[in-house]
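> Take these sequences, add in the hints, and give me the full structure.
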Amino acid sequence: QKEVEQNSGPLSVPEGAIASLNCTYSDRGSQSFFWYRQYSGKSPELIMFIYSNGDKEDGRFTAQLNKASQYVSLLIRDSQPSDSATYLCAVRENQGGKLIFGQGTELSVKP
Amino acid sequence: DAGITQSPRHKVTETGTPVTLRCHQTENHRYMYWYRQDPGHGLRLIHYSYGVKDTDKGEVSDGYSVSRSKTEDFLLTLESATSSQTSVYFCAIRGPRLDYGYTFGSGTRLTVV
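In order, the protein sequence lines correspond to chains A and B.
With the first letter of the first sequence counted as 1, position 50 gets the number 50 in the numbering used here; the numbers rise by one all the way through.
With the first letter of the second sequence counted as 1, position 89 gets the number 1089 in the numbering used here; the numbers rise by one all the way through.
It should be emphasised that the hints constitute simulated quantities derived from the structure, not laboratory data.
Honestly, I wouldn't trust all of these hints.
Taking lysine-lysine pairs in the DSSO-like style, the calculated list, with each CA pair at most 30 Å apart, reads [claimed, not checked]: (1) K1057/B with K1011/B; (2) K67/A with K1057/B; (3) K98/A with K42/A; (4) K56/A with K42/A; (5) K42/A with K110/A; (6) K56/A with K110/A; (7) K98/A with K1057/B; (8) K98/A with K1070/B; (9) K1070/B with K42/A; (10) K2/A with K98/A; (11) K2/A with K1057/B; (12) K2/A with K42/A; (13) K42/A with K1057/B; (14) K98/A with K1011/B; (15) K1011/B with K42/A; (16) K1070/B with K1011/B; (17) K98/A with K1053/B; (18) K2/A with K1053/B.
Written out as structure tokens, the structure reads:
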């Protein structure tokens, strides 16, 4: 059973701080990794994808990938109350190509 | 969401009745997916399709069937609804490249009473 694990939270950070969200996965052959944001009552929205070891930056978001440790993270700099949402980590299966989702981490940014 | 719509958005149904949820896309994508989302379980794959009339089971397929007679439509049927199928159902589509993520529909909130 291929698994994607996330701390369910809630993770609470003050406005302006860095929020760090973590994800581990079991399928060592996985090549593509995705972060989705889901506001309460809404559908998941893709915010980042990464497939090479290291960091990938997009505005206030940085995705970090370490395939040797089977670990992917999302950093949100200068967190804003509007970043309060559940963040889902997804890993593409090496065989078949389907996405396997973690349970999500609830982030709360306090003004 | 742009290019993908789900209907209905909300539905209440009685135990034992069949229910069909519809997913419609205008992107001409080959791959379509049905997920359910429940507290504590995240998104779980029910069924998926990789082309017209080509479908396969996901991890929680028991009690569900699907059909895809046209590229744009992917139907999910609960053959005899049970209370354990009360959930939010999301349809998703994926473009042709493996580094594409999924685009999700707005979801259907189904309550089985």
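> Does each hint fit the structure? Answer for all of them.
Hints and how they fare:
{"no.": "1", "hint": "K1057/B with K1011/B", "result": "holds, 24 Å"}
{"no.": "2", "hint": "K67/A with K1057/B", "result": "holds, 28 Å"}
{"no.": "3", "hint": "K98/A with K42/A", "result": "holds, 22 Å"}
{"no.": "4", "hint": "K56/A with K42/A", "result": "holds, 26 Å"}
{"no.": "5", "hint": "K42/A with K110/A", "result": "holds, 21 Å"}
{"no.": "6", "hint": "K56/A with K110/A", "result": "holds, 26 Å"}
{"no.": "7", "hint": "K98/A with K1057/B", "result": "holds, 12 Å"}
{"no.": "8", "hint": "K98/A with K1070/B", "result": "holds, 21 Å"}
{"no.": "9", "hint": "K1070/B with K42/A", "result": "holds, 27 Å"}
{"no.": "10", "hint": "K2/A with K98/A", "result": "holds, 11 Å"}
{"no.": "11", "hint": "K2/A with K1057/B", "result": "holds, 16 Å"}
{"no.": "12", "hint": "K2/A with K42/A", "result": "holds, 26 Å"}
{"no.": "13", "hint": "K42/A with K1057/B", "result": "holds, 25 Å"}
{"no.": "14", "hint": "K98/A with K1011/B", "result": "holds, 28 Å"}
{"no.": "15", "hint": "K1011/B with K42/A", "result": "holds, 16 Å"}
{"no.": "16", "hint": "K1070/B with K1011/B", "result": "holds, 24 Å"}
{"no.": "17", "hint": "K98/A with K1053/B", "result": "holds, 18 Å"}
{"no.": "18", "hint": "K2/A with K1053/B", "result": "holds, 27 Å"}
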